[in-house]
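**Student:** Listed here are the chains, written in short residue letters.
2 protein chains.
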Amino acid sequence: MQETNPHETLRGVFAAALTPMDGDLNVDNKAFAAHCRRLLEAGCHGLGIFGTTGEANSLSAKERAAALEALVEAGIPGERLLPGTGSCALTEAVWLTRNALEAGAAGVLVLPPFYYKGVGDEGLYRFFAELVERVGDERLRLYLYHFPQMTGGVGIGVPLVGRLVESYPEAVRGIKDSEGSWPRIERLCRELPGFGVFAGTERFLLDTLRAGGAGCISATANVTVRLARRVYDLHAAGEAGEAAAAQRRLTGLRDALEAYPAIPALKSLMRSLTGEESWRNLRPPLTNLSGESEERLLEEARSLRLAEYAP
Amino acid sequence: MQETNPHETLRGVFAAALTPMDGDLNVDNKAFAAHCRRLLEAGCHGLGIFGTTGEANSLSAKERAAALEALVEAGIPGERLLPGTGSCALTEAVWLTRNALEAGAAGVLVLPPFYYKGVGDEGLYRFFAELVERVGDERLRLYLYHFPQMTGGVGIGVPLVGRLVESYPEAVRGIKDSEGSWPRIERLCRELPGFGVFAGTERFLLDTLRAGGAGCISATANVTVRLARRVYDLHAAGEAGEAAAAQRRLTGLRDALEAYPAIPALKSLMRSLTGEESWRNLRPPLTNLSGESEERLLEEARSLRLAEYAP
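Order-wise, the sequence lines are chains D and Y.
Using our numbering, you'd call the opening residue of the first sequence number 1 and step up by one each time.
Using our numbering, you'd call the opening residue of the second sequence number 312 and step up by one each time.
There may be inaccurate statements among the hints.
To be verified - Covered stretches of chain Y (in silico footprint by chain D; criterion: 3 or more residues with CB under 8 Å from a CB of chain D, positions within the stretch not fixed): (1) 366-380; (2) 401-411; (3) 590-599.
Worth flagging that the hints you see were computed from the coordinates, not collected in a lab.
C-beta atoms are modelled at their ideal positions from N, C-alpha and C, and glycine is treated no differently.
Given only the sequences and the hints, what does the whole structure look like? Please build it.
**Tutor:** Here you go:
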């Protein structure tokens, strides 16, 4: 990491951490801290908490802030955390972001406001610009969160990314790109050297690192973390051949898991790996896998020896 | 209104009220109360506040609750208000709904959780069912808010509406249908007689009333209210021919206004009608009309004599 680079960025393998919930569907703070600790011990460089996988939009702002505070109190280091602090409401995004900075978070991951459609880049630029200005804190390290499939098409186009970086080079440090398009990630790495480009899937981990990107922030890394970390370390050590082989195996796991609805499937796998029934708890509108679908998933996980790579 | 009908519903012409904001983009409570008062005096049976037009999703839950409280304190009768209390977070929707009931609101208008896509009817059913159960208040009058264009395709299908009404006939009283499909509204009226079907546009006002629906909740009613009310009253008086003529004129206004982005256009019109510059204030990601576009809009409004129908 180049400490003197104004564009210094987080790097590495980040799991988009699941949020364990209790029987009343409230965040289970103890189980959450335990899960985060296991992920870090298994090799995550950091954790994207309160992202799509963390059911963040199913939690109120207050619930997100309280859960972050509880994590830090439980000893999870803030500098390993990249909490989602986006909201369709500018005021709420500001509040959540300030709160995350107070908790010592390494950065924040921010969705565009996703309710209004077709608003154009100018409106999205104004949202992010106002966010940076209103937060008004030089500790701010903002990672844009691009996931048009979930935001109903409201995306952060490459020119908008460039404009934001140009306006706020100290604050706007990177992007999580979950669109799933390699050409787009490659373009971001090429056009914005030094910018913290994270692929939203470990499928592109090695390619992203080779292109000069920062790494990946991925849902499935909740269960593939050890293998994803191996890819990262082999690449860092210059073991190109071994890195590629590990990446092929990692991509195979991702292929298998992608056939299922991500969050219910990952919670099912965690239940199976830990034996803790409470991993079944999901906030509506998410629902559990059917019994049949879950059985098939667990069968596949066994045959792929997923347990070796899980935290 | 059949007081003894368990499916008693609100009825009439509702404006989806704009939310005036001050220079810091906070809700301008005084201007909001003044706007609501003018709309009621101009003939609105009630007001859908904190809907899409009200920039509700650009406000935090706390801001929405505080603005509702301020409206009621300013003398706007709660029984004329239908606040939006939806949120992607179940807990927040529950909190907002309870808050609206405490403020004496006639009912609440609730979007489905719109972040996760492709969740299926079961997950949406669970969300609304949990909402009703957790609010646990017999005063609850829930109006479903169907607007798939804004929720990225997350809609409330007719079978799901039917299932919710069957499970919670006392609570689930109606729907605002903003999809813009007349066959769908007609089907809702036919399959659920007595249910409070509101068209999301005054374009379908007369048709909806004829089909046994409740009326309309419309953005453009912020400026067309007097004419929309005339349609309603002529229909109620059995003046079929005059009602149809008034509806044709109303549809003409709607046609003209629909060519512009709704919220910026309506705020421009209000600025022009009232002379109050603060009507230009919009929260990002919304942006004002370009000067040229605004000029064209105001020109059209003049030639359509919009001022005669506005509050």
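**Student:** Any hints this thing doesn't respect? Which numbers, in order?
**Tutor:** none
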